[in-house]
Amino acid sequence: MNVLETMSLAVRSLLRSKMRSFLTALGIIIGVGAVIAMVAIGDGARASVQKVFDAMGTNMLIVMSGSTNSGGARGGFGSQPTLTWDDLEAIRTQLPSVRAAAPEMRTNTQVFSEDQNWTTSVTGTTPDYFGVRGWSIATGRRFNEADVEAGAKVAVIGQTVVEKLYGAGFDPVGQVIRIKKTPFTIIGMTARKGQSPMGQDYDDSILVPATTFQRQLQSQSLGKYITGVLNVQADANAGTAKAQQDVTALLRERHRLAEDAPNDFDVRDLSELANSRQQSTETLSLLLASIAAVSLVVGGIGIMNIMLVSVTERTREIGVRVAVGARPRDILAQFLIEALTLALLGGLIGAAVGLGVARFLASQFQWPLLVRPDVIFIALGFSALVGVGFGLYPARKASQLDPIDALRYE
Amino acid sequence: MNGQLQQMPLIALRGVSKIYQTGDVEVAALRNVDFHVEPGDFVAIMGSSGSGKSTLMNILGCLDRPTSGQYFLDGQDVSRLDRNGLAIVRNRTLGFVFQSFNLLARTSALENVELPMLYAGVPARERKRRAREALERVGLGARLEHHPRQLSGGQQQRVAIARALVSQPRVILADEPTGNLDSRTSIEVMALFQELRHEGITLVLVTHEPDIASHAGRVVVVRDGRIISDKRQQPVPAEIPPLEEAVS
Ligand SMILES: Nc1ncnc2c1ncn2[C@@H]1O[C@H](COP(=O)(O)OP(=O)(O)OP(=O)(O)O)[C@@H](O)[C@H]1O
Ligand SMILES: [Mg+2]
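Protein chains in written order, with UniProt numbering: chain A, 1 to 410; chain B, 1 to 248.
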């Protein structure tokens with residue numbers, strides 16, 4: 001008897017008791033459905049976390065002024081500027097492990113259009129900043145080196161600010177806004193970025209040239225010091241760890257720190273933060289996947305249970321088949337394929353259910369719907385394995401029945 | 001006599017015993033039985049209840065193995081075969097008809113008759129054709145799609161006979177095939193057996209009824225696991241009596 005015939009035999013005998021077959025397969029349905037939904041959810045969550053960190057900028061280091069708290073009298077990082085424009089230039093130009101670096105000086109202030117006002121964060125920086133932070137321009141242009149040299153009163157403005165000052169969908173290029181009484185011409189609007197990992201709105205900000213920022217928006221100028229942090233983008237090949245090392249060494253040398261003196265600055269690796277977030281979503285999806293695996297095993301036990309009942313119930317049938325010439329392996333194949341079919345059908349239904357759930361959740365949480373075909377195949381393969389694994393014992397039992405006993409069985 | 005000696009017996013039991021062990025009690029269902037059946041024979045086995053007829057038939061049918069002794073079927077020592085070997089012999093050489101029909105429930109007559117060919121690896125189309133022919137042969141050409149539940153006892157037994165003869169076995173073994181049938185249907189079934197016998201199929205059947213045994217060419221009597229008598233006779237043709245006679 002060939003496999004196809006055995007298959008059709010199995011399907012027919014499963015169809016004879018549809019409700020029971022369905023209930024038997026339910027464990028597998030739930031298991032596979034759970035696996036597929038879980039993995040899709042995990043992937044969706046990871047992708048959305050990834051999106052957030054990509055928005056922050058990739059391979060990012062943040063260099064802050066200030067020292068480790070050795071003296072006690074000194075404040076935390078950033079309280080006392082120690083980083084100079086020359087430091088920035090040195091980091092930018094002398095280190096091969098650094099791709100780009102830009103200052104980030106910030107103030108929160110009210111900005112005015114002709115008839116509206118809005119309190120937002122204004123950042124003074126250099127053109128490198130756009131690349132380091134992964135900002136792209138929706139309309140207009142970014143400011144350039146010439147604007148920085150000249151201390152031009154130009155601004156690149158985020159979409160939330162545009163919404164508040166002019167309303168959504170307005171093209172603000174060419175408009176003039178006042179920041180601390182100074183008029184700035186809007187030369188560009190950034191593309192939407194969304195929220196930072198800490199939940200702050202990236203698009204609620206205005207970028208201006210660093211020089212303009214110092215001259216127009218800072219009450220006191222600190223000359224060669226940068227009153228803010230440096231954003232450093234590590235070269236992707238060198239990696240953030242190497243860049244962190246290099247920046248630290250360079251700054252210690254430039255600041256002439258003694259061997260045992262603590263750093264008067266701090267270099268933080270933002271990719272670590274990203275990794276730890278990523279890890280927690282991975283732990284979560286691992287946990288969910290193991291729950292799903294457990295339910296698959298439970299589903300397998302369900303199949304075994306029902307198959308054992310079925311073998312007992314069909315003892316006479318087995319006897320008849322053996323009497324007319326079925327070999328033990330024919331009976332084994334029949335019941336194995338029945339279990340396999342049950343598990344595979346359950347797996348297919350489960351996959352459909354899982355996809356439905358994943359789609360629903362993705363739309364609820366506004367994640368991208370990520371369905372990996374390999375996961376579906378693995379889940380189906382696993383349910384087939386469960387079917388064969390747990391079907392083996394009942395099928396063996398059936399194939400070892402003695403024909404006389406089987407025919408006499410009531 | 002000479003001609004018969006040259007002919008190799010189709011079935012040959014040599015010193016066959018079957019001992020059932022139930023707890024501490026041993027029951028000898030067959031004791032040192034020697035038994036031969038020539039090709040084309042029609043043998044009826046009789047004997048009181050518990051004498052060992054079914055045990056003998058199960059061994060002949062390769063459904064069971066003797067505790068000791070040898071069984072040659074068509075020259076092959078089948079007492080040495082494993083489960084697979086026995087399955088092949090049952091499939092190719094033997095056909096079995098049971099008292100309780102033993103058809104698959106919720107399965108059409110056609111599919112029931114196809115069953116042995118399924119395990120013989122006959123292609124589906126040929127299987128269907130031969131199953132239909134076999135059912136037409138036993139007069140059930142109009143009942144191909146009926147399930148056992150939808151058939152009378154006699155019809156069910158005829159489906160079982162069709163199943164037994166469809167793979168063209170050398171021997172058909174029947175353990176009380178008419179035990180569950182009324183006398184009229186029994187005669188129908190016996191007529192069918194006689195027809196098969198004329199086609200050269202060897203038949204061994206167990207019965208309690210001398211009437212049924214009268215249609216056979218040889219009657220063997222078993223008592224206490226031994227063959228106590230073995231006689232040839234002129235078989236009475238199984239003719240279906242007119243209806244009034246059957247009623248009286
Ligand atoms: N599986 C078994 N286990 C133990 N003893 C058995 C078994 N099968 C048969 N026997 C015993 O073997 C003896 C012969 O039984 P068998 O079934 O061959 O009788 P039989 O001649 O077919 O009787 P009947 O006419 O009632 O069918 C009986 O004494 C019975 O109790
Ligand atoms: Mg009996």
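Take these hints with a grain of salt, some might be off.
What the hints assert, rightly or not - Label pairs and their in silico Cβ distance ranges: (1) A/L26 to B/N84: 32 to 38 Å; (2) B/Q150 to A/T312: 23 to 29 Å; (3) A/V294 to B/G85: 30 to 36 Å; (4) A/L26 to B/R226: 29 to 35 Å; (5) A/E313 to B/A142: 29 to 35 Å; (6) B/G85 to A/G356: 37 to 43 Å.
To be verified - Which bits of chain B does chain A cover? Going by a derived footprint, with three or more residues having C-beta under 8 Å, they are: (7) 53-65; (8) 86-98; (9) 118-128.
Calculated directly from the structure, the hints in this document are not laboratory data.
Remember, it's a predicted structure, so these values are computed and weren't measured experimentally.
Each residue gets a CB set at the ideal place from its N, CA and C atoms; glycine is no exception.
Structure-based check of each hint:
no., hint, result
1, A/L26 to B/N84: 32 to 38 Å, "holds (37 Å)"
2, B/Q150 to A/T312: 23 to 29 Å, "holds (26 Å)"
3, A/V294 to B/G85: 30 to 36 Å, "violated (44 Å)"
4, A/L26 to B/R226: 29 to 35 Å, "violated (58 Å)"
5, A/E313 to B/A142: 29 to 35 Å, "holds (32 Å)"
6, B/G85 to A/G356: 37 to 43 Å, "violated (52 Å)"
7, 53-65, "holds (count 4)"
8, 86-98, "holds (count 7)"
9, 118-128, "holds (count 5)"
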